[in-house]
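Q: Now for the letters of each chain:
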Amino acid sequence: MSAVLQVENLRKHFVTKKGFPRPKTVTVRAVEDVSFTIGEGEAFGLVGESGCGKSTVARALLRLIEPDAGRVLYRGEDFRAARGEALKSFRRRMQIVFQDPYSSLDPRQSIGSALVEPMRVHGIAEGAAARRRAAALLEEVGLPPAALDRFPHEFSGGQRQRIGIARALTVEPELIIADEPVSALDVSVQAQVLLLMKELRQRRGLAFLFVSHDLSVVRWFCDRVAVMYLGRIVEEGPAARVLAEPMHPYARILRDASPVPDPARRAALPRIMGEIPSAANPPPGCPFHPRCAQAMDVCSRTLPRWTPAPGEGQGGVACHLHG
Amino acid sequence: MSAATEDPLSAGEIAPPPPSAWKRAIGKARSNPTTLVGALICLLILAGAVFAPWISPYDPADQDIINRLQPPGGDYLLGTDQFGRDILSRLLWGAQISLSVSLSAILAAMVIGGAIGMISGYVGGRFDLLVMQVMDVLLSFPSLILGLIVVALLGPDLVNLIVAIALTAIAPFARIARAPTLALKERAFVEAGRALGYSHARIIFRHILPNITSEVMVMGTLWLATAVRVEASLSFIGLGVKPPTPTWGGMTRDGFENILDAPWLAVFPGIAILLLVLGLNMVGDGLRDATDPKLRNE
Chain A
1 MSAVLQVENL RKHFVTKKGF PRPKTVTVRA VEDVSFTIGE GEAFGLVGES
51 GCGKSTVARA LLRLIEPDAG RVLYRGEDFR AARGEALKSF RRRMQIVFQD
101 PYSSLDPRQS IGSALVEPMR VHGIAEGAAA RRRAAALLEE VGLPPAALDR
151 FPHEFSGGQR QRIGIARALT VEPELIIADE PVSALDVSVQ AQVLLLMKEL
201 RQRRGLAFLF VSHDLSVVRW FCDRVAVMYL GRIVEEGPAA RVLAEPMHPY
251 ARILRDASPV PDPARRAALP RIMGEIPSAA NPPPGCPFHP RCAQAMDVCS
301 RTLPRWTPAP GEGQGGVACH LHG
Chain B
1 MSAATEDPLS AGEIAPPPPS AWKRAIGKAR SNPTTLVGAL ICLLILAGAV
51 FAPWISPYDP ADQDIINRLQ PPGGDYLLGT DQFGRDILSR LLWGAQISLS
101 VSLSAILAAM VIGGAIGMIS GYVGGRFDLL VMQVMDVLLS FPSLILGLIV
151 VALLGPDLVN LIVAIALTAI APFARIARAP TLALKERAFV EAGRALGYSH
201 ARIIFRHILP NITSEVMVMG TLWLATAVRV EASLSFIGLG VKPPTPTWGG
251 MTRDGFENIL DAPWLAVFPG IAILLLVLGL NMVGDGLRDA TDPKLRNE
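Same order as they appear, the protein sequences are chains A and B.
Going by full-length UniProt numbering, the first sequence opens with residue 1, and the numbers climb by one from there.
Going by full-length UniProt numbering, the second sequence opens with residue 1, and the numbers climb by one from there.
Just so you know, these hints were derived from the structure itself, not from any lab.
Quick caveat: nothing in here was measured; it's all calculated off a predicted structure.
We treat Cβ as the ideally placed atom computed from N, Cα and C, and that holds for glycine.
Check the hints yourself; a few may be wrong.
As the list claims (entries may be wrong) - Which stretches of chain A does chain B cover? Using the computed rule of at least three CB atoms under 8 Å from a CB of chain B, they are:
1. 82 to 93
2. 102 to 108
3. 160 to 172
4. 209 to 221
As the list claims (entries may be wrong) - Some, not all, of what chain A presents toward chain B, calculated at C-beta under 7 Å:
5. L62
6. L64
7. Y74
8. I96
To be verified - Chain B is nowhere near these chain A residues, computed Cβ spacing over 10 Å in every case:
9. E126
10. L194
11. K198
Isolated chain A, as found in the complex (with noise of 0.2 Å):
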């Protein structure tokens, strides 16, 4: 399986200035040193609680924010580097797939006109045939062709979702990264979303970069996940084994905090202590450290290393416990 993104050490951090009269720099670490690959055809899920930096990852990935720090990968070549008409066609490689499906389609503009017109930006269609494109994909997506003249406030969250995956699959991407894709979306529609976002992906080859607080969902749609906590990535590994086993005692607490709909299996929650730290002052040390229970001394002091998961492809955590 060849690499189709390769991330590597990515960091974005905000600085801002607050304070009067006499303003204090803050720095806010909202990505701090991430690296994951994604293979090709393959469902990566990043998973963590809001804050986390999870969705600042997937901005800075495609540039919509330009990251600090690390190198960005696509095929092997810098995406990071690349300018102008070399940018342009980085773009058609990676679509981006939005939370909020009331903000991400342009009110003033027809959804045909927003299907044609990534395809005649980048000179894949034009005229009728970019209009029969539009309309295919609108079936792809299980939308009728009659959407082509409609405008988006007379659609439904989950169609207007289904019409900004069409709008990413106009100009024929590797790789979708799904930013929270159905957490806007009602459960019974969130559903149909997800169904319709495998088939494609089987239908198309696609590969994922699956953002997501939600386990199941997570569990159900990817190959590999990565969790996140305050910027960093503390364990990664195959979906199954993250979800099921974790290492990590953050990560463990999220499985446990994620429900199970089984009554006979109900159980009391462990429940987490604290709050998730501001990610303008990080603790020192292992980052999670304030809040786990499992908190030795070492833990306050350095940072651990990434340590393979036992056992070949089974990923790795970040964790003094098994360091």
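Please arrange chain B on chain A, whose structure you already have, making use of the hints.
A: Only chain B this time, still in chain A's reference frame:
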């Protein structure tokens, strides 16, 4: 949401394209009597200006020395001025100047100011800060003073008058265009455009512009009133279009010399200015209320 997920397409009926905010505003404003009266006043004056060559009873420049300073009534409906020129005819022809100067100035300000505001808001950062500070400096001058400076520097003629008035209105249009741009550029569809490889120009003019036009248009109506007033004021102090071309401001000033024995000379052009400014403000207020999202659902 299950109700909302009902497929609007299976219903069979063809929904018309969504009315733009602008059309919605016009529809709403029509039900407001104040706006209607304002629109009626503006339309009457516009008709007077457009049809002046056919409906004005006399040539606005014709001097009837025998009938100087005739009071209203008789052969001359609104009287004559100190050169025996028909005031009604001069008012109708003067409306052309008032309206064309104001309209072209506001149109220019709308295009230039709107572009500045959109680009500044979209680019953001220090550039935005700098541009907006320049705009704030422009805003700090009352429009009459700024117009005065420009006309004094460039010399009074029709084009310079338009330039002067346009310049005073650029800053407010830049502000009104920038605010919604700031909100829109955070929307995911702008990010989607960037991810799809759209140029910044495409995003600004194809995706942001259509979403802010209604706000800018409403502002345009209100500023049209200001432009009429500034044009009249500049003409009044002699910095407008040169005589003998009739302008409302110029007529008011000329009439001032005879204000005691022939008040109609100054009063009628004054009333004309008042009516036009009032009418434009009524229309603008109505449109603004109609586009105000807080009032939209009432």
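Q: Decide, hint by hint, whether the structure agrees.
A: For each hint, the structure was consulted:
1. Here the stretch 82 to 93 of chain A counts 4 residues with a CB under 8 Å from a CB of chain B, which clears the bar of 3, and the coverage holds.
2. By the rule of at least three residues with a Cβ nearer than 8 Å to a Cβ of chain B, the coverage given for the stretch 102 to 108 of chain A holds, with 6 such residues.
3. Remark: the stretch 160 to 172 of chain A is confirmed as covered by chain B, as 4 of its residues place a Cβ nearer than 8 Å to a Cβ of that chain, reaching the required three.
4. Remark: the stretch 209 to 221 of chain A is not confirmed as covered by chain B, as 0 of its residues place a Cβ nearer than 8 Å to a Cβ of that chain, below the required three.
5. Satisfaction of the interface hint for L62 of chain A is found here, the shortest Cβ-Cβ separation to chain B being roughly 6 Å, below the 7 Å cut-off.
6. Interface restraint check: L64 of chain A against chain B, minimum CB-CB distance 5 Å, threshold 7 Å, status holds.
7. With 7 Å as the threshold, the beta carbon of Y74 of chain A stays out of range of chain B, its nearest partner Cβ sitting at about 14 Å, so the hint is violated.
8. For I96 of chain A, the shortest C-beta to C-beta distance to chain B is roughly 5 Å, which falls under 7 Å, so the interface hint holds.
9. Once the 10 Å rule is applied to beta carbons, E126 of chain A is consistent with being away from chain B; the minimum gap is 16 Å.
10. Once the 10 Å rule is applied to beta carbons, L194 of chain A is consistent with being away from chain B; the minimum gap is 15 Å.
11. Listed as a non-interface residue, K198 of chain A keeps its Cβ farther than 10 Å from every Cβ of chain B; the least gap is roughly 20 Å.
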